[in-house]
Amino acid sequence: MLTSTFTKIFRTAAAAGIAAVALTACGEPEPATNGAPADMRRLTAEQYRHVIHDVFGDHIEIAGRFDPLVRTDGLFAVGARKAPITVAGFERFYEKARSIAAQVVNEDNRAVLLPCSPADSSAADAACSRQFFEGVGIQLYRRPLTENELETAVAAAGTVADELGDFYAGIEFGLTGLLVTPNFLFIIDETEPDSSSPTGVRLTGYAKAARLSFLLWDSGPDQMLLDAAASGDLHTAQGLEEQVERMMGSKVLLARGVRAFFEDFLDLEKFETLEKDTTIYPAYTINVAESAKEQLLRTIVHHTISKDEPYPGIFTTRETFIDSHLGRIYRIPVTRPDGGWEAYEFPEDDVRSGILTQMGFLSLFSHPGRSSATLRGMAVRELLLCQKVPDPPSDVDFSLFNDPDAPSRTARERLTAHSTVPSCAGCHKITDPIGLGFEHFDGVGQFRTTEQGAVIDVSGDVDGVPFDTAKGLGQAMAEHPGVPACLTNQLYSYGTGRAPQRDEREYVRWLEAGFAESGYRLRALLRDIATSDAFYAVSQPDRPSDDVRSASLEETTNTERGS
Amino acid sequence: MSVLLPKKTTRRTVLRSMMGGGVVSLSMPILDCFLNDHGTALANGAPIPVRFGTWYWGMGHTPERAIVPKTATSPGIEFLDETKALIPHKDKLSYFGNFNMPLDGRSNYTHHSGWVINRTGSAPEAGGDIPAPTLDLLIADVIGNGTRFRTLDVTSVSLARENYSARNTYNRAAAEVDPVSVYDRIYGPEFADPNKADFKPDPLVRLRKSVLSEFSEQSKDYMKTLGAADKARMDQYYTSIREIENQLELQLQKPEPNEACVVPQRPGAPEEDEVIKVREMDSVVETHKIMSKILAMAVACNQTRVFNMVFTDNFANVRRVGETFTHHLLTHEEAIDAELGYQPLTYWFNVRAMEGMATFIETLESIPEGNGTLLDNCLVFASSETNYARLHTIDGVPVYLIGGAGGRVKQGMHVVGGGDPITRVGLTTMQIMGVPIQTWGTNSLQTSKPITEILV
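Sequence order for the protein chains is E and G.
As numbered in my numbering, residues 1 to 563 make up the first sequence, in order.
As numbered in my numbering, residues 1 to 456 make up the second sequence, in order.
Treat the hints as calculated values from the structure; they're not laboratory data.
Note that the Cβ used here is the ideal one computed from N, Cα and C, for glycine as well.
Distance ranges between label pairs, derived from CB positions: (1) Ala338(G) <-> Lys388(E): 35 to 43 Å; (2) Lys388(E) <-> Glu453(G): 40 to 48 Å; (3) Gly464(E) <-> Ala338(G): 38 to 46 Å.
If we strip away everything but chain E, and leave its shape as in the complex, we get (with noise of 0.2 Å):
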């Protein structure tokens, strides 16, 4: 962690001209690694949201799907370093482009978007076309055009306007054209010669500022990041450590980036393709599930972010927020007239106390018609522990345990019988004593106590912390090692786009030790990440031919795995 005096330290450094060299807070020097080949991470769907809003603004409608990514490692944002334009996925990224482009000219924003008037709007004007695609193109490609790239966009709008008689014709074909190119879709790791790294190179003053501000932003560089990568000031300690405490003081923007990070990290994507039968779950909707989804990341960032809780804390705070579609389902009374999102806080003696009990998380991970102490206890497990549940075995006959004169009424009674055929017994060891302790809640997180008339036991243990009450499993979980271990490993694996490698374990036990240190707090965890050397290391791009298969896969594409 960085702290006032390691701030001096830098300072102190950087005057005596210096390399720093980074120490978390109880004063270990950062582990040398050498990162991984250059290469590059295809935009996710909100990075391209976020880059657009933040260039021309949250009025322009980014309409339609993207194609989806891989989620490898446990992040889709892994995934998007394996990840090709299709022909389908192309298409929607022209039809995006051509549709933000023909909004940029029209008649409302032109005048604000555009830095410059034509002397004639029925005809080129070279110098306006350039000034517009000199300043956009920095913004969008994360580094300045070349001369060669702006010559094509300013020839593009020329021959456009020329031939249509509309200068802003032009602009709209030439900003459709750089809103298609791989420099944009693609967050490419450029490089450039370093003496002073054992690989030889280092990513340029540019990449590492998109590096810096996709993980804490979920977006591309501001003005000023853009500055200092052009200054140079990135390459030094001092620089860099300013930018990354200019970035984390802007509340909102770090909230959407640590937002990303979760959405992410715990596969919040599924709610996209969420559904609940309504015979069974009449209550539940689409603006009751976009709520719980939300009330899950409002949670998280209040309690990390704002507040700078430990991060163990989200799954025992009683702080949360709910707005009137939640308020039917838990039976709380919201007091905002128009339905909004308000602060509240449960009761010290409610079963509710941590996301884990939120309905987020519990209509997320369950079925259409009911709830998986399975799958809740996967996602615990996988999401959180970063631990891998085996598949499930492919030749289990259930026939051997669905007795029909004697059924089942509870998910206890249920998957004992299933642990009674080895094969099975083996993983749902590991998932079904920590998801049965949230068989209080059902498919989508309402109370009960009963399932078909029998009471529910939801005694477990998680690892061999008993507990007896989801709120016990939330306790048991912010006491877990794992956790804060998962976290690091994740948000560095969310950050550079890959798994750490082999040289980097102990980079990221580091990583753990100034997390520890700083009490677990999330904001410390990103800015030991943010201004570490190993963030932005590189080595030269993977020469010899390289196996596009070799990553470790995550399949999460379906919505059910287990029972």
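Could you slot chain G onto chain E? The hints should help.
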């Protein structure tokens, strides 16, 4: 300004494309018998192209309720109650049973290995792994040029990721899930009605194409600095650009008159509803009907020659109103009814799937083309990922080949695999569609034996 013309697919292109897909061996030129065109011609004398499609349903069949097994290949399929919706179409399809999927020690990744093997000829090494291109794309590389869309991928189950067409694990396009979106994509402003008397190329289209080409050329500088994996991704990027350039180029050309092409009605936008029920089986069936019509006419209107339709996904995330279990969960959790001898609710879903397949056949058949119907000029590879879902068995996964393929195949055949690798069906399919391939598949799935019994 340069204007790139559509790139013609050369034999070298085909070779290059296919070698990326695992072990294949090629023979050129294509065997004449596979180009034997018994079909009819269009009014202007041009031969009717043969199109290819896939149709997918999850969870296979109920044992002993679908097709009466045979011991040897012969004409005639004996349909049982689960497949009775197919009886009216018995002379328009062939059934392939008793083909196996040897795994050579690899795991059976449940509900994944089956479709991957069936469509790529290779067993996956991990859950989610797609080790080689799917056969629809290999076919599209050969017949997909000259139309606006190399493939059209749609699903009625509203899961865009569940498209069983991919170049590899990461190169997998999303399926269209919304009838309005897919309609607008096909029949929107870029659609040129072939039967409209007046045709004026839109000057904006020419400009768009030209600008796209310029930016594409400019981006190539970057290729020099890339690693091998990124180069492959950039190759895909440039392929994608060329496809869009081709689309734009086609918009500049007057399409041939085409009596079969009748632009369908735009589907109504879904009613605003607070409730999400797109995966209730009734909704799936309705969406499938609408999507089928849109897709079939896109084929008839020569917008694509390769299409993929997913009725239900490989995990069958579909449900019946009021049931706590989805179709998939029912296959595992539902008890076998002692009297009936099968799982009745699971069976109910399986019957809906076969009715869906019948609907799809009827839709293709409802479009007259030449002296026959669109179905006569299509070959549809219909399959699932499992034989018996309750046990996740993949040996004996059912496959149907539907349509006349322009007179290249015999229909109404029951083909008995006798334990041969299921890749024989895929190999035969690709050869019928003109893919210059003699061997397909890897390890024990590799085969060089097409199923000659179904060839005309």
